[in-house]
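These are the residues of each chain, in order.
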Amino acid sequence: MTRNIHFLIKTFYLINKKIINKKTFREIIIKGTLFVSAIFAIVVIFFIVFFLFKEGHPIFENIGLWSFLSGKEWNPSGVPPRYGAFPLILGSLLVTSGAMTISVPLGVGTAIFISEIAPPKIKTIIKSGVEILSGIPSVVYGFFGLTVLTDWLRVTFNRPSGECWLAGSILLGIMALPTIISVSEDALSSVPMEYKEASLSLGATKWQTISRVSVPSAISGIAAAIILGTGRAIGETMAVMMVTGNAAIIPKPITNVFSPIRTITGTLGIEMGEVAYGSTHYHALFGLALVLFVIIFIVNTTANVIIGKIKEKHMPTSKKKKRKRLSQKIVQGVRYSIYALLGLTLIWLLVVWFSIEISILIILIILCYYIITKKISAKSSQRVAFGLVTLSTIIVLFTLGTILYYIIANGIGAMSWEFLSQPPRDSGRAGGIYPAIIGTFYLVSGAILIALPIGVGAAVYLTEYTREGLPTKIIRTGVENLNGTPSIVFGLFGFAFLVLYLEMGISLLAGQITLALMILPTIIITTEESLKSVPQPMREASLALGATKWQTVRKVVLPPAMPGIITGTILSIGRAAGETAPIMFTAVVFSQRFLPASPLEPVMALPYHLFVLTTSVPGAEQNAYGTALVLLILVTCLYIIAIMIRYHHKKMVKW
Amino acid sequence: MEAKKKKMVFGATVGIVGVIVIAAMLGGWFKTVKTETITIRGSTTVLPIAQRAAEAYMEEHPDVDIRVSGGGSSVGIQSVGEGIVDIGMASRDLKDEEKIRYPNLKPIVIAKDGIAIIVHPDNPVTSLTLEQIRGIYNGTYTNWKEVGGADEDIVVINRDSASGTREFFWEHVLEKDDFVATALEKNSNGAVKQTVSQTPNAIGYVGLGYLDNSVKAVKIKKDGKGIEPTVENVLNDEYPISRSLYMITNGEPKGLAKDFIDFVLSEEGQRIVEKEGFVPIG
Numbered sequence: 001m002t003r004n005i006h007f008l009i010k011t012f013y014l015i016n017k018k019i020i021n022k023k024t025f026r027e028i029i030i031k032g033t034l035f036v037s038a039i040f041a042i043v044v045i046f047f048i049v050f051f052l053f054k055e056g057h058p059i060f061e062n063i064g065l066w067s068f069l070s071g072k073e074w075n076p077s078g079v080p081p082r083y084g085a086f087p088l089i090l091g092s093l094l095v096t097s098g099a100m101t102i103s104v105p106l107g108v109g110t111a112i113f114i115s116e117i118a119p120p121k122i123k124t125i126i127k128s129g130v131e132i133l134s135g136i137p138s139v140v141y142g143f144f145g146l147t148v149l150t151d152w153l154r155v156t157f158n159r160p161s162g163e164c165w166l167a168g169s170i171l172l173g174i175m176a177l178p179t180i181i182s183v184s185e186d187a188l189s190s191v192p193m194e195y196k197e198a199s200l201s202l203g204a205t206k207w208q209t210i211s212r213v214s215v216p217s218a219i220s221g222i223a224a225a226i227i228l229g230t231g232r233a234i235g236e237t238m239a240v241m242m243v244t245g246n247a248a249i250i251p252k253p254i255t256n257v258f259s260p261i262r263t264i265t266g267t268l269g270i271e272m273g274e275v276a277y278g279s280t281h282y283h284a285l286f287g288l289a290l291v292l293f294v295i296i297f298i299v300n301t302t303a304n305v306i307i308g309k310i311k312e313k314h315m316p317t318s319k320k321k322k323r324k325r326l327s328q329k330i331v332q333g334v335r336y337s338i339y340a341l342l343g344l345t346l347i348w349l350l351v352v353w354f355s356i357e358i359s360i361l362i363i364l365i366i367l368c369y370y371i372i373t374k375k376i377s378a379k380s381s382q383r384v385a386f387g388l389v390t391l392s393t394i395i396v397l398f399t400l401g402t403i404l405y406y407i408i409a410n411g412i413g414a415m416s417w418e419f420l421s422q423p424p425r426d427s428g429r430a431g432g433i434y435p436a437i438i439g440t441f442y443l444v445s446g447a448i449l450i451a452l453p454i455g456v457g458a459a460v461y462l463t464e465y466t467r468e469g470l471p472t473k474i475i476r477t478g479v480e481n482l483n484g485t486p487s488i489v490f491g492l493f494g495f496a497f498l499v500l501y502l503e504m505g506i507s508l509l510a511g512q513i514t515l516a517l518m519i520l521p522t523i524i525i526t527t528e529e530s531l532k533s534v535p536q537p538m539r540e541a542s543l544a545l546g547a548t549k550w551q552t553v554r555k556v557v558l559p560p561a562m563p564g565i566i567t568g569t570i571l572s573i574g575r576a577a578g579e580t581a582p583i584m585f586t587a588v589v590f591s592q593r594f595l596p597a598s599p600l601e602p603v604m605a606l607p608y609h610l611f612v613l614t615t616s617v618p619g620a621e622q623n624a625y626g627t628a629l630v631l632l633i634l635v636t637c638l639y640i641i642a643i644m645i646r647y648h649h650k651k652m653v654k655w
Numbered sequence: 656m657e658a659k660k661k662k663m664v665f666g667a668t669v670g671i672v673g674v675i676v677i678a679a680m681l682g683g684w685f686k687t688v689k690t691e692t693i694t695i696r697g698s699t700t701v702l703p704i705a706q707r708a709a710e711a712y713m714e715e716h717p718d719v720d721i722r723v724s725g726g727g728s729s730v731g732i733q734s735v736g737e738g739i740v741d742i743g744m745a746s747r748d749l750k751d752e753e754k755i756r757y758p759n760l761k762p763i764v765i766a767k768d769g770i771a772i773i774v775h776p777d778n779p780v781t782s783l784t785l786e787q788i789r790g791i792y793n794g795t796y797t798n799w800k801e802v803g804g805a806d807e808d809i810v811v812i813n814r815d816s817a818s819g820t821r822e823f824f825w826e827h828v829l830e831k832d833d834f835v836a837t838a839l840e841k842n843s844n845g846a847v848k849q850t851v852s853q854t855p856n857a858i859g860y861v862g863l864g865y866l867d868n869s870v871k872a873v874k875i876k877k878d879g880k881g882i883e884p885t886v887e888n889v890l891n892d893e894y895p896i897s898r899s900l901y902m903i904t905n906g907e908p909k910g911l912a913k914d915f916i917d918f919v920l921s922e923e924g925q926r927i928v929e930k931e932g933f934v935p936i937g
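Listed in order, the protein sequences are those of chains A and B. Heads up, the first sequence is in the numbering used here, so the first residue is 1 and it goes up one at a time. Heads up, the second sequence is in the numbering used here, so the first residue is 656 and it goes up one at a time.
Keep in mind that a hint or two might mislead.
Said to hold, decoys possible - Chain A side only, calculated, beta carbon under 7 Å to chain B, not exhaustive: (1) 151; (2) 245; (3) 253; (4) 256; (5) 594.
Said to hold, decoys possible - Looking from chain B toward chain A, a few residues come up when the C-beta cut is under 7 Å (computed): (6) 667; (7) 713; (8) 716; (9) 720; (10) 808; (11) 815; (12) 816; (13) 828; (14) 833; (15) 836; (16) 856; (17) 930.
Bear in mind the hints are in silico, worked out from the structure with no lab data behind them. Note that the coordinates shown come from a computational prediction; the quantities given were computed from them, not determined experimentally. Even glycine gets a Cβ: it sits at the ideal position worked out from N, Cα and C.
Given the sequences, and given the hints that come with them, work out the whole structure.
Structure representation (structure tokens):
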């Protein structure tokens with residue numbers, strides 16, 4: 001970075017001496033602008049971390065870090081208040097790992113189906129369908145979970161209540177699916193045709209090509225997809241608050257998926273309204289947010305290390321460090337013994353957690369898998385694999401269909417011209433939702449207008465203008481961590497900083513900025529991935545022909561990356577339109593008569609309206625469904641526009 | 656030339672659409688209607704009253720905008736204390752810390768409310784003593800058969816800690832005992848009602864205004880009599896779990912806020928209170 005400042009000073013000196021010409025000057029200006037957006041993105045990220053830390057550290061001083069983390073009782077309103085975060089931390093980890101177990105296989109499987117197996121027309125339909133799934137607001141998922149899923153679980157498994165860990169994991173798994181599928185599919189589509197053609201021409205079956213060439217080649221994108229999906233799951237507040245029961249206990253026994261459970265985000269969502277600013281409880285909640293941040297950091301770092309190892313194995317041109325012969329042998333020996341130890345621990349855990357019968361079953365399944373992949377002919381194992389992949393796609397589409405059916409069937413009754421053009425009456429039980437529609441539109445557009453330039457600029461700068469080194473790694477870590485930050489933390493930050501400190505009051509602008517900050521990491525990560533998927537030879541060819549850096553970026557690198565960038569935008573639109581927590585404290589009111597006359601006035605918004613109707617206004621079910629349906633339609637329209645733009649760009653890309 | 660022309664047309668379309676959209680947005684912003692506005696925020700129990708009253712008031716005063724939001728009693732108190740809103744709604748008394756932190760808050764009673772204990776309509780239990788209710792909520796009783804019901808585990812439904820309803824319940828029914836750790840927490844009256852109506856062995860508590868056919872209200876057994884949670888029983892002080900609902904201002908209410916609160920306290924306002932299922936103040 002200091003190099004850049006140095007460079008800038010030198011440049012101004014040279015310009016004054018008329019040594020540099022106009023073209024290079026423009027290059028420098030552009031590089032500077034991109035640098036500023038990268039810096040802005042980074043500053044914001046670190047600012048929020050700093051803010052979390054500032055608000056959270058008093059609790060650690062108060063009751064000590066260890067007793068906060070390991071305390072088994074969370075009862076802030078008890079006498080005396082107790083702040084033991086262990087059940088909450090465990091809750092978040094358990095629910096998220098359950099969710100990932102569901103969504104990673106289904107998601108990657110569906111992505112493979114879409115990009116490799118599906119015929120082109122079906123491909124567009126399924127991909128659009130999946131993206132619609134990401135537009136369903138978290139409140140709607142929560143409502144669906146509350147009324148349909150928990151009831152189904154209660155009846156099917158004969159439990160006193162269906163609000164439990166399993167319900168949370170299923171719901172979060174479904175919510176993370178669109179992210180994983182879309183980004184993985186983009187990554188798989190960007191694998192150059194030559195790789196696949198080379199593999200097929202060597203006699204490999206299609207599945208062998210997919211599993212040994214396409215997937216490893218796209219592993220960086222798939223890993224990014226999984227990390228984004230995990231971030232989405234671990235940071236989700238509203239839906240998980242509505243279906244997990246929010247009992248701050250440790251499940252007995254630990255594998256009891258039907259036990260009610262509470263996550264960190266559920267705690268933040270359900271208790272933040274209560275705390276007095278500056279009280280011990282307030283600091284405890286921020287301490288929780290900080291703990292969540294650290295957990296996400298650990299998850300991301302581990303994931304990146306694992307991905308790095310996989311990449312090394314597959315890339316012929318990776319930078320392997322030179323190792324000496326003997327120490328290499330020692331390292332290998334250590335590595336193998338660690339693997340053996342891990343394997344033994346896993347088996348021991350299996351036996352302890354599950355009964356003997358189940359662990360034998362699992363080992364048998366693993367053996368079957370081994371036999372199938374090694375002993376059966378390539379063609380048969382291809383049929384099996386294709387069958388599984390198609391099955392996962394069917395499961396995903398079935399889930400989408402159920403939820404859509406549920407919203408449409410119940411919401412269509414509320415639809416009328418009056419509903420769409422009138423303000424609400426009778427606490428929302430009658431009348432319409434017109435101001436909420438306009439409010440959501442304002443919020444989303446504003447958020448995208450702010451986040452897109454900054455995010456794309458930052459990603460372009462990070463990928464194209466800097467070398468891969470420690471500073472970029474730190475920045476990337478910061479971005480990935482911010483991605484996992486719960487939406488409610490953004491809401492709190494917005495409230496404390498924008499609404500109170502900057503005295504913006506509850507306003508449209510505060511909401512737009514908060515939402516922009518929330519979607520910024522998604523845009524940066526997806527843009528970076530799409531830029532990285534442009535093969536290096538293209539850039540080199542352009543530069544070799546005499547183009548400047550910016551010309552290369554604008555005309556060679558950006559166009560093929562546009563589909564990926566637009567995917568990121570689509571995912572962000574869905575997120576921004578459907579989120580309740582970030583706008584709950586910063587921008588919205590439940591009802592107002594006039595549309596905002598300026599960005600400094602509050603707005604109504606569809607997700608918040610839905611939330612209040614669902615939870616606080618009895619007898620408003622019809623309109624609640626209607627609101628959900630309208631929100632869905634609004635987001636779908638925005639998506640269709642974005643998808644058309646992406647399709648237009650994709651046609652122009654030919655490797 | 657063909658491709659370039661296509662690009663130009665596409666760009667022009669996007670441009671025109673964009674201009675229209677931006678103009679529509681800006682058009683909304685330049686409307687200079689002189690209006691008076693107040694914002695009201697807080698308890699989800701009081702929300703239906705405030706919302707209805709606001710609608711009725713705005714019908715009589717077309718140039719006025721009253722903005723209503725939920726969030727919980729604590730949110731309402733903090734917001735009005737910090738000056739973010741004009742009126743805060745609360746379904747509990749101010750806590751000591753709040754009285755110290757915001758010394759100028761003026762709570763005004765606008766209605767009374769009973770807290771009804773609800774169970775699933777198929778639950779055979781029809782009445783409970785206060786001691787039994789306390790026992791259920793602090794974990795002493797875990798099975799319905801211990802309080803005269805079927806042999807089933809009790810599913811305890813609680814409110815979140817921002818809730819004035821919960822705070823009141825904790826002070827007056829639990830007598831400041833700890834809630835049982837396995838209680839499920841819900842973040843509004845509506846959510847509690849929804850859960851109890853769906854879960855055969857659940858028990859919960861909601862404001863009177865939220866009672867309907869989807870849940871069964873339990874009578875409170877006192878001195879051998881079972882007292883139903885009704886408006887009359889709250890008015891004549893028979894029903895043991897009743898509380899006041901407040902609208903709070905920072906300092907004496909003035910201007911539109913005062914007008915509105917006076918409206919809520921007027922005959923018309925109190926009729927709205929009754930219609931929403933709450934208890935009008937004498």
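Cross-check of the supplied hints:
The closest approach between the C-beta of residue 151 of chain A and any C-beta of chain B is roughly 6 Å, which is under the 7 Å cut-off, so the hint is satisfied. The closest approach between the C-beta of residue 245 of chain A and any C-beta of chain B is roughly 4 Å, which is under the 7 Å cut-off, so the hint is satisfied. Hint status for residue 253 of chain A relative to chain B: violated, with the closest Cβ pair at about 15 Å, above 7 Å. Residue-level restraint check for residue 256 of chain A is violated (minimum Cβ-Cβ distance to chain B is 12 Å; threshold 7 Å).
Taken as an interface hint, residue 594 of chain A checks out: its beta carbon lies about 6 Å from the nearest beta carbon of chain B, inside 7 Å. With a least beta-carbon distance of about 14 Å to chain A, the hint placing residue 667 of chain B at the interface is violated under the 7 Å criterion. At its closest, the beta carbon of residue 713 of chain B sits 6 Å from a beta carbon of chain A; the interface hint therefore holds under the 7 Å criterion. For the restraint placing residue 716 of chain B at the interface with chain A, the shortest Cβ-Cβ distance is roughly 10 Å, beyond the 7 Å limit, so the hint is violated.
Contact between residue 720 of chain B and chain A, as hinted, is supported at the beta carbon level, the nearest pair being about 4 Å apart and thus within 7 Å. Interface restraint check for residue 808 of chain B: the shortest CB-CB distance to chain A comes to about 5 Å, inside 7 Å, so the restraint holds. A least Cβ separation of about 4 Å between residue 815 of chain B and chain A falls short of the 7 Å threshold, and the interface hint therefore holds. With a least beta-carbon distance of about 4 Å to chain A, the hint placing residue 816 of chain B at the interface is held under the 7 Å criterion.
With its C-beta approaching chain A no nearer than about 15 Å, residue 828 of chain B sits outside the 7 Å limit, and its interface hint is violated. Satisfaction of the interface hint for residue 833 of chain B is found here, the shortest Cβ-Cβ separation to chain A being roughly 5 Å, below the 7 Å cut-off. A hinted interface residue such as residue 836 of chain B counts as satisfied when its beta carbon comes closer than 7 Å to some beta carbon of chain A; here the least separation is about 5 Å, so the hint holds. At its closest, the beta carbon of residue 856 of chain B sits 5 Å from a beta carbon of chain A; the interface hint therefore holds under the 7 Å criterion.
Taking 7 Å as the C-beta contact cut-off toward chain A, the hint placing residue 930 of chain B at the interface is violated, the least distance being around 10 Å.
Hint compliance for this structure: hints 3, 4, 6, 8, 13 and 17 are not met, and every other hint is.
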